[in-house]
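From just these sequences and the hints, can you work out the full model?
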Amino acid sequence: MLNKKWSIALAVVVIGTVLLSACAQPTPEVVTQEVTRIIEEEGEEVVVTEIVEVTPEPTEAPEEPVTLDWNLGGEPPQVDPALSTDTTSVLVDEQLFLGLTDFDDETSEVIPELATEWESNEEGTVWTFHMRDDVPWVQHDPATGETEVVTDEDGNPVMVNAHQVEYAVKRTLNPETGSDYAYVLYIIEGAQAYNSGEETDPETVGVTAVDDYTVEFTLRQPAGYFPGIASMWVARPVLQSVVEEWGARWIEPGFIVTNGPYVMNEWAHQDHMTFVKNPHYYDAENVQIERIEAIMVTEASTAMALYENNELDNAYPGPPLEDMDRIREDPELSEQLTIAPDLCTYYYGFTNNKPPFDDPLVRRAFSAAIDRVSLIENVTKGGQRPANTFAPEGIFGNVASDPEIAPWALDPEMGAEMAQEWLAEAGYPDGEGFPTITLMHNTSEGHRTIAEAIASMWNSTLGVDVEIQNQEWGVYLDTIEKTTPLAEMPHVWRLGWCADYADQNNWVHEVFNCEEGANRLRRNCVDETCSACEPSEFDELTAQAGQLTDQDQRRELYRQAEQILSEEEAAYAPIYYYTIVDLTKPWVDRTYQALAGEHWDKWTIDWEAKQAATQ
Amino acid sequence: MIQYIIRRILQFIPVLLAVTIFTFTLVRIIPGGPFDRIGDKTLPPEIRANLEAKYHMDEPIWQQYLRYLWNLLQFDLGPSLKFRTQTVNDIIGRSLPISAQLGVMSIALAVVMGIPMGILAALYRNTPIDYGATFTAIFLRSVPNIVLGPVMILVFALKLGWLPVARWQSPAHWVLPTVTLGTAYAAGIARLTRGSLLEVMGEDYIRTARAKGLREMIVVGRHALKNALIPVVTYLGPVLAAVVTGTFVVETIFGIPGLGRHFVESVGNRDYPLVMGTALVYALLLVSANLLVDITYAWLDPRIRYD
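Chains as they are written, first to last, in the working numbering: chain A, 1 to 615; chain B, 1001 to 1307.
The set of hints was computed from the structure by calculation and includes no laboratory data. Keep in mind it's a predicted model, so treat the numbers as computed, not measured. We treat Cβ as the ideally placed atom computed from N, Cα and C, and that holds for glycine. Zero decoy hints are in this set.
Only pairs whose alpha carbons sit at most 27 Å apart, straight line, appear in this in silico BS3-like list of lysine-lysine:
#, chain 1, residue 1, chain 2, residue 2
1, A, K354, B, K1041
2, A, K610, B, K1159
3, B, K1054, B, K1041
Example chain B residues on the side facing chain A (calculated, C-beta under 10 Å, incomplete):
#, residue
4, P1031
5, F1035
6, S1080
7, F1083
8, P1150
9, V1165
This is how it looks when you write it as structure tokens:
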């Protein structure tokens, strides 16, 4: 019996707590007040002071700040700008820390931020950035909700200056910082040597504050794309005194000192963050949204439910695939659906030195036999665009969707026809005598359905057999390293690439150049595991294009490089350019930033409309 | 009894030590490491070397293990390699209480629902009540959380508007995840209670009790149920340890900042210290829960003695 009693008691407690707390009514607050009165007592006037309880008249609630309810999609792992690597952390950084430059939301072009103008010497090896002098460092006190300008010993405001840029760059490159993304700064003279510990003197790094508001970078070779690098979070100024005082915890609310349009008010790890407008931001008068409640829900269907319940203004990480048809048919939701281009490309790599994929005809046949249009319509369904080149629109030097480059990738009928011809020409008419090939992807439902669709296209168009394999992400990336023995290497494997900065150097050069890039494709390798390579025309083109300062000339070289890579060599098969599929409430007037974090400060909310809908 | 408990607790030490050795070795055997890549990008060797030096992963493996043990003795589970500004102590310290709260509430709900359901089914064996209870139990057991959770959200939050959709903020937010997680266990408990009670009801001592003229209520409640609950308690021990340390699916669906997701994600991230930390917490809770089960046995069945 004891057991039963115990269970019942527990049940009552559990259910009772739940119900009670759920139904609890806010009781009117009772305030004690000291009251002094003069009363007449027995004909005499006496002063009496007594403490009474008063229930204050309900005052009108203070006006609610204009608030954006946003889903970050997860905990930002490393908000420290020197350590950030993922989109969530970068989004947070974008609100808190300004860069020398920024990217335009519409065109992805480099635009001024902390630097109002910049120039390079004729060779493009020395870049000078002239900075604005009206950006103060601020600290927000979550307890009081006040944001104060940081002052020095004499009480003067501390402004963002060139010395702090120099400090931040050297801090990122300091091997002890352990910054993953430090390598994007290797273009700076001495950066790689200092970061790898070959050189211990930070003064050898080519970054100097010429004066308080001018910073100069010396590069190890000309780089026309450097203004884009200057925007990156790893090069954003941070305040040395704060970083040194608090160590790893300096990015927590209360300690953190920032200079961006918003300040961090709260960070409940894994649950939510709150940002409030920085009143001292130099452009504060043009920031309408005053508060951001950013939650961290990872599951797409849950975010979708919160969105439909008006608890979120967006549905990041994007509506689940199975909801897409319903959204498209719904008159309201279809209006709120936006499909914006993203700066990412999904591709299949061919192992270029593994027979039969050592033959460009075979590779071209496999690339051409992919019906990208049908794949997007029936499998991926996110409005992606078929890819015929590597870099998508929005990347400097891209030739995406140019019908003169690999036109067969955009026209399924032409593609199928030419694919058959090329395979026959390579000695395998109708796939006769062609070995069974392996296609590998990392374990994921989405990649699996794509692989199955493409394997069946290859089977029906080319008459070849494909074996699909998958591996867990970490294991997979190890497998497709170029050091894996050729026998263990799949013939075909999937990967994606997203922009670090909007320039082809970050694309065709860093990914595919056989000498300076990752070259997982094993192009032009001298041996099976690619200990060295013999550069061909493509490799020379991308290396040269990186060093020129004449932008038109650079564009032309990248065009030729893409033509060789995607069509002539068909070293890989571009499949589609990613899109950002999201739902946004109609009261939010927003922009899209594919490269770095969203610019919440440039958005507006029709506050009355939002309040009307959510109350 | 006290001596027994102390002896058992001392036995935890070699068990936990074995767990550290196994997990330490296993996570390092899996190909891929914590500093291989950013997204799809492979990190240059210099960068990897810097990170390995920063986290002492350039030391010989035995030295790394001893360093880990030494820190562990001071209750320091090390830094997280994924959430680099946080320590494993921070992460477990803030997410375990949330998972534990959800877990305890779910198990409480499961017990409150499951035991009466099982008793009813056993007492009214082969009647519509039994069929109804058995059907409900099998049904609840068969619907996975990944289905039940979204359906609950759809019905009770979106359509009826009674409860919040997700997250872990107020008691109202606790209801759907607790029910989602608890019902499947309730079904398990109901099935076990029914079977075990039926078995016990056939024992001689029950016949004796009845022959004494005791009321059926007393026969079942005082004599049969206590013995019948032994298999239920055996089942509850490990379940409690598993549920208190968090459940990946329910926490993900309801956006609950618990420990469950770290069990899964830390392996994918090759976040070695966090993998070790979660494994140790789980192991500790499991051995403790088993001890608790053994103690409960003695109380449920006076014939069981440990001295």
